[in-house]
Amino acid sequence: MVTSIVFKHLSEWGLATEEITSPHYESDGYWRGPIWAPSTHLVESGLRDAGRAHSTNEISMRFLQLCEKSGFAENFDAITGH
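The opening residue of the sequence shown carries number 1 in this note's numbering; numbering runs sequentially from there.
You can trust all of the hints, since none of them are fake.
Below, a list of computed lysine to aspartate or glutamate pairs in the EDC-like style, where the Cα atoms sit at most 20 angstroms apart:
(1) Lys69 <-> Glu58
(2) Lys8 <-> Glu26
(3) Lys8 <-> Glu58
Bear in mind the hints are in silico, worked out from the structure with no lab data behind them.
Construct the complete structure from the given sequences, taking the supplied hints into account.
Written as structure tokens, this is what we have:
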């Protein structure tokens, strides 16, 4: 159940802080949309600790690809990756 909720927040580039299909999503909405390293790490780490390592590999890979594409920033637009 938790994994399915988390994956609803997974965009092409990583874990959005709000589902990109949500009416509350804002690309520059601070905690209502952008991808942040701290929240990505907390979710990824929690899932690994809960024995969901296989599920977290996709999250980690997308975030790493995002950083390779856009450099490391405070946060990223969950749709464009910028």
